Amino acid sequence: MASLGYIREAPELEESPPALSSGALAWARANLFSSIGSTVVTIGCVALVAYLLPQVVAWATTRAIWSASNGAACRQHQDGACWAFVIAKWDYLRFGSYPIAERWRVDVVEAIGAALIIWLLWIHAPRRVLGALLFFVAYPILALILLHGSPWLGLPIVDTQLWGGIFVSLLTAVVGIVFSLPLGVLLALGRRSRLPAVRAASVVFVEFVRGVPFITILFMANNLLPLFVPETWTPDRLLRPLAGIIIFSAAYMAEEVRGGLQSLGKGQYEAAMALGLNYSRMTALVILPQALTLVIPGIVNNFIGLFMDTTLISLVGATDFLEAMNNAIKDPVWAGPTIMVTGYVFAGIFYFTFCFGMARYSAHVERILAKGRK
Amino acid sequence: MSSALADVDQADAPAIRFTGVHKWYGSFHVLRNINLTVGRGERIVICGPSGSGKSTLIRCVNRLEEHQRGSIVVDGVELTDDVKRIDEVRREVGMVFQSFNLFPHLTILENCTLAPIWVRKMPRRHADELAMKLLARVRILDQAHKYPGQVSGGQQQRAAIARALCMTPKIMLFDEPTSSLDPEMVKEVLDTMTGLAQEGMTMIVVTHEMGFARQVADRVVFMDGGEIVEINAPLRFFEHPQHERTKLFLSQILHIRH
Chain F
1 MASLGYIREA PELEESPPAL SSGALAWARA NLFSSIGSTV VTIGCVALVA
51 YLLPQVVAWA TTRAIWSASN GAACRQHQDG ACWAFVIAKW DYLRFGSYPI
101 AERWRVDVVE AIGAALIIWL LWIHAPRRVL GALLFFVAYP ILALILLHGS
151 PWLGLPIVDT QLWGGIFVSL LTAVVGIVFS LPLGVLLALG RRSRLPAVRA
201 ASVVFVEFVR GVPFITILFM ANNLLPLFVP ETWTPDRLLR PLAGIIIFSA
251 AYMAEEVRGG LQSLGKGQYE AAMALGLNYS RMTALVILPQ ALTLVIPGIV
301 NNFIGLFMDT TLISLVGATD FLEAMNNAIK DPVWAGPTIM VTGYVFAGIF
351 YFTFCFGMAR YSAHVERILA KGRK
Chain Z
1 MSSALADVDQ ADAPAIRFTG VHKWYGSFHV LRNINLTVGR GERIVICGPS
51 GSGKSTLIRC VNRLEEHQRG SIVVDGVELT DDVKRIDEVR REVGMVFQSF
101 NLFPHLTILE NCTLAPIWVR KMPRRHADEL AMKLLARVRI LDQAHKYPGQ
151 VSGGQQQRAA IARALCMTPK IMLFDEPTSS LDPEMVKEVL DTMTGLAQEG
201 MTMIVVTHEM GFARQVADRV VFMDGGEIVE INAPLRFFEH PQHERTKLFL
251 SQILHIRH
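As given, the protein sequences belong to chains F and Z, one line each in that order.
Mapping of the first sequence onto the numbering used here: residues 1 to 374, in sequence order.
Mapping of the second sequence onto the numbering used here: residues 1 to 258, in sequence order.
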């Protein structure tokens, strides 16, 4: 006679999982060789990599030309990369036409910038507020004086027309990132403002900029900006594309940030208001920290896009890294098919390194911020 | 709106006075001619069916909602569109929400010290001391350095009470503070609130916890359809409700809860 009731008499003991449900072997069996089809795909992919990878490595290393004073050697050995070309043009690729005697100034600016950026990106670094102050206030002034020059300090003026190469690409990217994020945040807040004029202005700006291609913005910045300001301080030729890139990026940034703002419940606003926080403190201390954390992937995606877009400033006469590479490749001394390929492969590696670095860093920050919050 | 009431001597004024308050959401008349005076140190429990306007009423006290007619005077300050007055009132009125609304990006301690530091301009060390004292009082001192997402609902709600108390408010508003808690955590929150009541805090509590109302309230306010239907001392309210709608409501909820 089975009873409907039940009373436990001894506890169930905890056991370890059955064999082959964990471990590398179990993983491989479940993911790589689970069926005939997946086994074929796995073997095919491994074979492809095994066939291609040695050739790519050999092209880039053993068969490559590492030193030469002109393109002759590279033209003879067309089955390898021509790194000698990149090495010979390295200074031009870095500095463009910046006067050789003054290039130490760029080195100094880059070194200080790199140190400050590492200081800021290192989450647990000491005194990051001081680092931020130096980076956002002192550093731009110092960089401007050093790069552009100041006769008072005995630094000859170097016109921005002469600036070029990697240093201009980095400068454009850093200036774009540093200005477009705050501007984007303001536009996002403006779009949710209760003041109709502020809201309308933000909507018009964002929708207009998002509605036209970046190149249009660049040409407008280049040709229209001088018309809007007094002739005495016509914007510099490099400043115009910088303004264009900031405006363009800020509009996209604004939409990312707005997405973050919208995903916060109204309970957060109410709790902050009930505690007596006014609008600016509520926004700065409660709303933005949460909204920006939520949209880090989108923001970094925009940063990466912005870094790629810096290659377009060459269309309005600035010499970024890619343009410097184009110029270098046109040098008749270094003419040859492998030279062009090598140049663009190198440019690709350069852009990939920075963008991949940004993506990895943002993933790292997300992990740190996610810790402790559910 | 007259501002004659605004500058009454604060010590003599009642904690809160609603006079002929009306509110509409669009064309929906959500509060109808509310008249209620809450004395200093008084504990008021507001109950009523959902949609009766009880939450809306207490959210008018710190201007999370604005009323369209009548006057609300809190601690001698009449609520108008004037942002300064709203800020003044919000500094003195703490609020606890149904869904806690802790700030998830700050630790529980930081949740508590945020407003004292930025609104009261308290030095961080003082704010920390105050917060630790209040977290000890709501018995979650050991959770101070955790994030809200790492502790239970009951602990979150007690942290939210501590956060409000850190502003040393004169009045505390509770908007269904136990409604989103698991049943086994309701008691710890109610005990905290009872302790607060015993210390003489002026409290308005919107709740369905009739046991709490019976034990703690000085007066029970029953609302239905946006109007106050009955106000009575708890004993009379529960044993001898006067209005038919009160009787119906009590028979419905007490039937479910007992």
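Hints in this document: simulated from the structure, not taken from any laboratory.
In this text, all values refer to a predicted model and were calculated from it rather than measured experimentally.
All C-beta atoms in this analysis are idealised placements derived from N, C-alpha and C, irrespective of residue type, glycine included.
There's no promise every hint is true.
Computed from the model, here is a short list of chain Z residues facing chain F with C-beta under 7 Å [unchecked claim]:
#1 69
#2 105
#3 115
#4 224
#5 238
Status of each hint after checking the structure:
With a cut of 7 Å, the hint placing residue 69 of chain Z at the interface with chain F is violated, because the nearest CB-to-CB distance is about 22 Å. Look at residue 105 of chain Z: its Cβ gets to within about 5 Å of chain F, closer than 7 Å, so that hint holds up. The criterion of a C-beta within 7 Å of any C-beta in chain F is met by residue 115 of chain Z, whose closest approach is roughly 4 Å, and the hint holds. Interface hint status for residue 224 of chain Z: violated, as the beta-carbon distance to the closest one in chain F is roughly 25 Å, over 7 Å.
Checking residue 238 of chain Z against chain F: minimum C-beta separation of about 31 Å lies over 7 Å; hint violated.
Checked against the numbered hints given earlier, this structure breaks hints 1, 4, 5; the rest are met.
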